[in-house]
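Now for the letters of each chain:
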Amino acid sequence: MSEIGSWKVKTGLAEMLKGGVIMDVTTPEQAKIAEEAGACAVMALERVPSDIRAAGGVARMADPTIIQRIMEAVSIPVMAKARIGHFVEAQILEALGADYIDESEVLTPADDMYHIDKHAFKVPFVCGARNLGEALRRIGEGAAMIRTKGEPGTGNVVEAVRHMRTVMSDIRKLTTMPKEELMTAAKEMGAPYDLVVYVAENGKLPVVNFAAGGIATPADAALMMQLGVDGIFVGSGIFKSSDPKARAKAVVLATTHFNDPKTLADISKDLGEAMPGLEISTIAENQRMQERGW
Amino acid sequence: MQGAFREHRFALESLGCDVTEVRKPSDLEGVQGLVLPGGESTAMAKLLQSDGLGDRIKQLAAKDLPLFGTCAGMILLAKDIDGSDQYRLGLMDVTVRRNAFGRQIASFETDLSVPALGSHPVRAVFIRAPYVAKVAPNVGILAEHEGKIVFIRQGNMLASAFHPELTPDKRVHEYFLKMVSEYR
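One line per chain: the protein sequences are A and B, in this order. Residue 38 in our numbering sits at position 38 of the first sequence, and the numbers go up by one each step. Each position in the second sequence, counted from 1, maps to that position plus 1000 in our numbering.
For reference, chain A alone in the conformation it holds in the complex (with noise of 0.2 angstroms):
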């Protein structure tokens, strides 16, 4: 009996792109740079977060000529980012054939209350998540992959830092417990019982777990990749940077020898400029794209 869409197939392609870098591109000229310096996907938007960033207003799915076009462009995956509970968002990119969905905090929320049931689709969701309880519901909800949030379009890896550090010893904590503690905790981190139990015993989420939000430099992807996450996202710090193509590479390569320092030392040199980076004390509370989602 064969089947298409089944849970297996959706956390599969997650799999697939471990060790791996996901880059923002926003034309088939920039998905080309990012295929050909060896990135594992892409995500099509419109703008790059920083660009959200500075424009304000209301950030939407993009158009869907901009992800068709980047699809006829590129074999590696594509990714598409659709606003959270916009779950007519998700059907459009669905049926363009986008390869998997990041209902993401990078848009403006299209519900203040519920996300997605991604359960109810055949293409796979990635969402983000500051602690172990926000991811456990955003699995439980149908996402096949996890990302840190970070706080995207800064170029400051400290948010990214803090929401790995939180999920890592959030599962620490529950390997630790005994059984009856467990429901408790699940209450306490408003997760599934499940999956809190899943964790506890295998002392790991049940799917991949990506690093996402200010990664500028191959050491930030290092320094994430050592921190214990599967691979990387790098939205506005490719293209935004002064030289793309030599930033793209040393990105990837830096993910794959993350354990390496002296051949890190060799990554890193003669980049250029990195994307300008933002203190995120100077952003006001109610702009920090971290906060949406529930």
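Please note that the accuracy of each hint is not assured.
Residues on chain B that point at chain A, a partial pick, calculated with CB under 7 angstroms [stated by the list, open to error]:
no.	residue
1	R1023
2	R1103
3	F1108
4	V1125
5	I1127
Hints are computed from structural coordinates only; laboratory data are not their basis. Think of the CB as a built atom: it goes at the ideal place given N, C-alpha and C, for glycine as much as any other residue.
Chain B: place on chain A using the hints.
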């Protein structure tokens, strides 16, 4: 490498193997069998080219090092890739077609009959999978899905379009380990 190497590692370790991860040519020292995992073949090709890892693998394959490629690994092993000039190791006398079953939305799992592994079918997970469009007479066909070749062997080399590392059934990995012991 990039891709599903951890699942292969778990599968092989559960069968009692010592497993090491290969990222650069020196990592190949002492290796008795090499798995090229699923992932993105273009991304893996960049890494194979970047520091001579691909050339070293080709040298060892010529000395009968057993190789097993899954999905992207199968693409890298093929001599010809339909409609593409991307880098490959080019060791198996076959033509493969990339993303041949369609995009992710068409990815599927199915019961696959593999006579060489017994009468019980293998639950095979296909993810943006390739298939083999053409084989030379010296290539053995181990399984087909709806008339498309998806599992092949040529001497010391084994390749599958599906992902045996994603399912608990270990028969495909056992088959590869038997090849490794034959060539030791």
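Here's how the hints hold up against the structure:
1. R1023: holds, 6 angstroms
2. R1103: holds, 5 angstroms
3. F1108: holds, 4 angstroms
4. V1125: holds, 5 angstroms
5. I1127: holds, 5 angstroms
The structure meets every hint from the earlier list without exception.
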